[in-house]
Every structure is written in structure tokens, then in C-alpha cells.
Amino acid sequence: MYIIVVGAGKVGYYLARELVEEQHEVLVIEQDPAKCASISEELGEIVMQGDGCEASTLEQAGVGRCDMIIAVTGDDEDNLVVCQVARHRFHVPRTVARVNNPKNEEIFRTLGIDTTVSATSVIMAHIEQELPSHPLIPLMTLKGGGLEIVEVKVPAESFVVGKPIRDILLPHQSLISLIIDTEGHPRIPTSETVIHAGDEVVAVTMRESEAALRLALTSSRGMGPPGPS
Amino acid sequence: MKVIIMGCGRVGAELAVMLEQDGHEVTVLDSEPAAFGPLGYLPGEFHGIRMVGNGIDQDALRHAGIEQADAFVSATRGDNRNVMACQIAKHVFNVPRVVSRVFDPIREEIYRSLGLRTINPTRIQARLLKEALEKEEEPVSAGPGAREET
Numbered sequence: 038m039y040i041i042v043v044g045a046g047k048v049g050y051y052l053a054r055e056l057v058e059e060q061h062e063v064l065v066i067e068q069d070p071a072k073c074a075s076i077s078e079e080l081g082e083i084v085m086q087g088d089g090c091e092a093s094t095l096e097q098a099g100v101g102r103c104d105m106i107i108a109v110t111g112d113d114e115d116n117l118v119v120c121q122v123a124r125h126r127f128h129v130p131r132t133v134a135r136v137n138n139p140k141n142e143e144i145f146r147t148l149g150i151d152t153t154v155s156a157t158s159v160i161m162a163h164i165e166q167e168l169p170s171h172p173l174i175p176l177m178t179l180k181g182g183g184l185e186i187v188e189v190k191v192p193a194e195s196f197v198v199g200k201p202i203r204d205i206l207l208p209h210q211s212l213i214s215l216i217i218d219t220e221g222h223p224r225i226p227t228s229e230t231v232i233h234a235g236d237e238v239v240a241v242t243m244r245e246s247e248a249a250l251r252l253a254l255t256s257s258r259g260m261g262p263p264g265p266s
Numbered sequence: 003m004k005v006i007i008m009g010c011g012r013v014g015a016e017l018a019v020m021l022e023q024d025g026h027e028v029t030v031l032d033s034e035p036a037a038f039g040p041l042g043y044l045p046g047e048f049h050g051i052r053m054v055g056n057g058i059d060q061d062a063l064r065h066a067g068i069e070q071a072d073a074f075v076s077a078t079r080g081d082n083r084n085v086m087a088c089q090i091a092k093h094v095f096n097v098p099r100v101v102s103r104v105f106d107p108i109r110e111e112i113y114r115s116l117g118l119r120t121i122n123p124t125r126i127q128a129r130l131l132k133e134a135l136e137k138e139e140e141p142v143s144a145g146p147g148a149r150e151e152t
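Read top to bottom, the protein sequences are chains A and B.
Going by the numbering used here, the first residue of the first sequence is number 38, and it counts up by one from there.
Going by the numbering used here, the first residue of the second sequence is number 3, and it counts up by one from there.
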């Protein structure tokens, strides 16, 4: 894939490095000449100095043929505009924006940014993970369709402990897609996989089914009598 | 009409005074406290609300009363801040009238096509300057002949 990264701060630098390691074609756009120099010194000639919000800069960067643009500057307004210019002027198929103020996540999605990443939200989710009152953690919202990927830690008293997945009644349009056991080993479950206390269950669900899913996996009474889902 | 103006530079301040003279209720929002100080552009006789806050922060906008606003204008120097604030005003708070200043003609075109009302000073000024250049010099303006007479 050809990926353009706008912003060469810490996030942009490490992101570019990972993407290069994964054999992607990467171009970093950065305004600050000093940051440009350190990127080209360490990662090679994959950096272009300029303002990623300017259509002419993006054009020079070959944005027309890029598969994805990722805006990771420290300013939300710049990240938003980079993605909107890329999408609406150059028809870039996938736009990803870093969101510094977590309150902007919703508006970015409303304005058509495909994926938003907020470090603050991720850290908050980890804090909430430690609190027993928040057993369901939203990991990611998928654009369109209101689908979410969530994580639920199964408490010892849960009705589902010791039961195979086929016997667990889940809310409408929810799917258990990954189970991470207490030792941290992830596995992709089959209908025979048995849930244990302390398992972290990663599931895909509709936004409105979140509460029901949490109840199904954490309540001592489950969602109701076991049956085919 | 209740109007919020984001950005208290020359243009924001001028607009605030004009709107107030027309009897509108004006709130001016600027992220720099100095914008409202003695070196700022707002005259002392402006009676509207001066508020320090970041116009792309939804809480700051709420604090400025955006939920009751009839109009929102962004007039900071930053195109990106202007269009982001206006999009928040329009799409989150459903402010009926939203206008954004956008200096970059290309960005202005993009956001206009996305349904934002925009003003592009770059093109307007260039056109006015061109028109002024093309106009015959008015006889009242002092040419070399006029100077000889005085």
C-alpha cells in the first residue's frame, strides 16, 4: 500500500517506521525542517517538507494514488482538514485521523473520517478496564452500520463460566471473535470453546446491543435459558 | 439575532462592532486573553460579551452560548480552525447561520462544496486590487500637474 503520513512528531515517526518495516510505501509530510532531517536520516528519503493541509503539497506527494492518508499532528483542526481535503479533493479511499481532544472523536466521524484514534480514550479505556464497574470496554467503532468492537472481562460469578460458546445466548448481531485467557494467550473461538473466569472476550456488536452483551457475559443469570443463538 | 464571533482580530472586532450597532447580541470568542486587552482591536464602547476560549472545543462553544446562537462566524487567521469550528457549529449545534473565513482558495472551494458558507478574502482582495489598478485615475487625485499648482 502507498500510505501518506502527515505529521512527524513522535506518533508520526514511530508509525512511519513500523509501516516501512511492514513493506509499505510510505511518505511523511512535515513542516518543520529539523524533524524532516531526522526522519530522512533515520528512515531514508521518505519525507517531504510542506504543509499537508495544502492541496498543492498533497498533489506533489502523489496523493491521487495513495491508498490511505493518516494525519497525526498535534492539532485536531489540522488532522481534520488533511483528511477532508484528501477525501473530497483527491478521493483518497481511506482517511485516518489522530484525535487529541477525545470530545472531537464523534464530530470527526460525523464529518466522514473513516477511523479516529485518540490516545486519551485508549488510556481512559485501560483505566476503566481496572474498574469493576466498567466491565465493557469499547475498543473501536466501525464506520457505518453502528458496529463496535468491545472487550468484556468475564467475572468468576458469570453465568457463562464453564459453558461452551454454542450454549451462550448473545444479543442480536453480536459475535464473539477472540478470547484472551488470564495468561494473555489469544485464541479464536469455535462453538466448542469453553469460557473461563477472567477471560477477556473481544466481541463485535451493534452499539445498541452493548448493554445486553455486557449482561450476557457478566451477569450471574445470563441473558436467559441457553439455546441456539 | 444572537451572534458568536470566533477570533478577535481586526476583522472579528470590526464585525462585532458593526453587528452591535445594528442591535444584535454579540459574543466574541478568542483563545488569547491579550486579544481583549489594551492592545486588542475591540473598542472600549463595545458592550457585548468578551470570552477567552478555544472555538474548536465544544465545551468552550457551549460556554459561549452556542446552543442559543442564531449565527456563528469564524474569523481567526487559521483556515483549519475556522472550518473546524464552523463544522462543529453547523453539524453538532445546528446553528442556523454559519459563515467561515477561509484564506486558501482551494480549501474555500472544498468547504463551499461541502455546504459551508465561506468568504475567501484572498480572491476578493485580489479582485478589488485588480479593479482599482484598471480604473482610470480619478481627476481629484493629485497627479503631477496638480502638484505644480499647489
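I should point out that these hints are in silico values taken from the structure, not numbers from a laboratory.
Think of the CB as a built atom: it goes at the ideal place given N, C-alpha and C, for glycine as much as any other residue.
Treat the hints with care, since some could be wrong.
[Unchecked claim] What the simulated footprint calls covered on chain A by chain B, stretch by stretch (three residues with Cβ under 8 Å from a Cβ of chain B suffice, anywhere in the stretch; the number is not a length):
1) 102–114
2) 117–127
3) 144–152
4) 231–238
[Claimed, not checked] Computed Cβ-Cβ distance ranges for the label pairs, DEER-style:
5) F105(B) <-> G99(A): 17 to 27 Å
6) S256(A) <-> E69(B): 34 to 44 Å
7) R125(B) <-> T147(A): 28 to 38 Å
8) E143(A) <-> H26(B): 28 to 38 Å
[To be verified] Here are the simulated DMTMM-like pairs of lysine to aspartate or glutamate, each with C-alpha atoms no more than 25 Å apart in a straight line:
9) K137(B) <-> E111(B)
10) K140(A) <-> E27(B)
11) K92(B) <-> E59(A)
12) K190(A) <-> D218(A)
13) K190(A) <-> E138(B)
14) K180(A) <-> E194(A)
15) K92(B) <-> E91(A)
Hint check results:
1. 102–114: Holds: 3 residues of the region 102–114 of chain A have a Cβ under 8 Å from chain B.
2. 117–127: holds (count 6)
3. 144–152: Held - the region 144–152 of chain A has 3 residues with a Cβ nearer than 8 Å to chain B, which meets the minimum of three.
4. 231–238: violated (count 0)
5. F105(B) <-> G99(A): 17 to 27 Å: Given range 17 to 27 Å: holds, Cβ gap about 25 Å.
6. S256(A) <-> E69(B): 34 to 44 Å: holds (38 Å)
7. R125(B) <-> T147(A): 28 to 38 Å: holds (29 Å)
8. E143(A) <-> H26(B): 28 to 38 Å: holds (30 Å)
9. K137(B) <-> E111(B): Violated: K137(B) and E111(B) sit about 29 Å apart, past 25 Å.
10. K140(A) <-> E27(B): It is violated: about 28 Å lies between the C-alpha atoms, which goes past 25 Å.
11. K92(B) <-> E59(A): violated (40 Å)
12. K190(A) <-> D218(A): holds (10 Å)
13. K190(A) <-> E138(B): This hinted pair is violated, its Cα atoms lying about 80 Å apart.
14. K180(A) <-> E194(A): Violated, at roughly 34 Å.
15. K92(B) <-> E91(A): holds (24 Å)
Hint violations for this structure: numbers 4, 9, 10, 11, 13, 14, all remaining hints satisfied.
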